[in-house]
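Can you build the whole structure from these sequences, using the hints too?
Protein chains in written order, with my numbering: chain A, -7 to 319; chain B, 24 to 310.
Just so you know, these hints were derived from the structure itself, not from any lab. All clues stand as given, with none of them false.
Straight-line C-alpha distance at most 25 angstroms; calculated PhoX-like pairs for lysine-lysine: (1) A:K306 x A:K97; (2) A:K97 x A:K176; (3) A:K125 x B:K310; (4) A:K214 x A:K228; (5) A:K306 x B:K310; (6) B:K310 x A:K310; (7) B:K310 x A:K228.
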Amino acid sequence: MTELRLRHSFQHNFPYKPILMISNSKHSARSLTARLSDDKFQYYLMFLPALILLVGIMYPFITGVYISFTNEKLYLPTVEFIGFGNYVNLISDRVFQQSVVTVIKYTLLVLVIQIPLGFAVAILLDETSPLQKFFRSSVVLPLLIPPIIAGLMWKTMMQPEAGVINWALQSIGLPAFSWLSNPKTALFSIVIIDTWVFMPFAALILLAGLQSVSHEIIEASKIDGASTWQILRFVKLPWMTPYILLVMVFRVADSLKTFELIYPTTRGGPLNATRVMHVLGYEEAFRWANMGRAMAIIFMLWLISYIVSNRLVKTWEKSSEETKGEF
Amino acid sequence: MSSRVSRISPRTVYVTLGYLAFTIFVIFPIIWVFMMSLKEFRDIIAYPPKFIFTPTLKNYAAILFGSETAGLTTGISDYVNFLKNSIIISGGAVLLSTIIGLPAAYSLARSSIGIKSMVAFTFLSFRFAPELAVILPLYKIYQELNLYDTFIGLILVHQLITLPLVIWIMLSFFREVPIEIEEAARVDGANVWQVLLNVAIPIVRPGIASALIIAFIFSWNNLIFGLVLAGGNTQPVTVGILQTMNFDQIKWGWMAAAAMIAAVPGMLIAIYFQRHLVRGLTMGALK
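Here's what the structure looks like:
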């Protein structure tokens, strides 16, 4: 028996011509299975190097978890297993507690400031104007320069005596701040720098969201007499939920592990005001050579970050399915 | 007529104010530091700050060719070395990620089963994890393996940044390739590898370019890997730039010039290559 299979033309401009395949069905069935299982093997082969590399990443990670249960110090040859010793010590340590509070405060500030501001900027960039292209190009600049450079740039501008920001504030009659060198304002100053770097991220994602709102719905609302504000509030905003959640996924994870903006600006000071968990862990390892304790700090940070981002990713997935179903 | 004007104007006013605020907050810092990089020391410390001054390239010259005050009158300056190191590390990391990541992403796009998607998600989860969770133990392991302060060691650790990016961005591109085209090639007798190389990759070539460039930028911008795992031989530019701060007196002009040079790759991308940036920034979650 022969079987006729017609494969019709695929893509308008693709060079492959329609192929008429004539084959014996029994034979083709067997070879197809063989071929498919060979394909499966080849696909695994393609994936193998990545798998090996992942093992290479998992190994130090698991070693690190083990180290967190020891009293390892870089300058001591002997290492003892001390169970939860580091963890118990840390939980009652005032500096550690403060670092947890600081990083949570930091993350909340980032969200509260960057999502509304990013939304505002997204709306601004969505506005048709001759300058639109220029502003859309320049908004990504802060995102693409090294964070440490951003930190140094703002450090020069935030200098209490000769910095341009204080000069600008004073010249319009506002008081000067000591920004990074005052424990009261240091964390907020770094959040400002963080906002400069990452608000564009929020803006870009939210802009993509605004642009994905269907034009028919907007037109229909306009015909029904909805104002620009009403369209924004009742048509666009509900549609934006998955996009806002996506911004949160990235901003929360990155804020919890913030390091690269704090290192060049305050290195955790003044008076522990900006010593977040990631910075504390770094110092514990490289200033005090206390690997066991450092790994315990980092592992707790990892755990917090893992739980929170998992939760957020799930919420994002759910809401992005719901929104798609809605329209 | 007048009522029409008053109806339009509030919106125009808001937009203009928005643009103004945007310019002051987002664009001004870059212009200010660029101006600082062109200033003489006395202009930098001048108060009130100077907006009009005679520009000089002294800072750039000092950074790139050495200066007498730094005792580097001849030869390659440290900073050029840092740049060279960064190019080797980020270039090597992106190259390795391409070789490993492209087939992996393709394999995921075409048959995503069990362990593979688990591996892909584990990679993704390291994108969100604090870097020290991996590199602090790695600091110890590298010293035992003699990988500390080597380019190979740094290229390997940079896979933490570049590989998830390449895999997830390329996965989202490969999923857009119409499967019929590939099936046609299979019918013509091509095997899986040939389909990948001759059919799938040519179709997603623009996607590959953007994935690689974005991966290069994020690798270039990274500080913490170099801080922990690089010594004097391999220090990248982000670590090296901290040295300009560690002189007795902070050389603001040098720092500004060094910052401008280190920011060049990112700025070029911002201007020429932002079409797929959103996809890259969200690891392929958004197009």
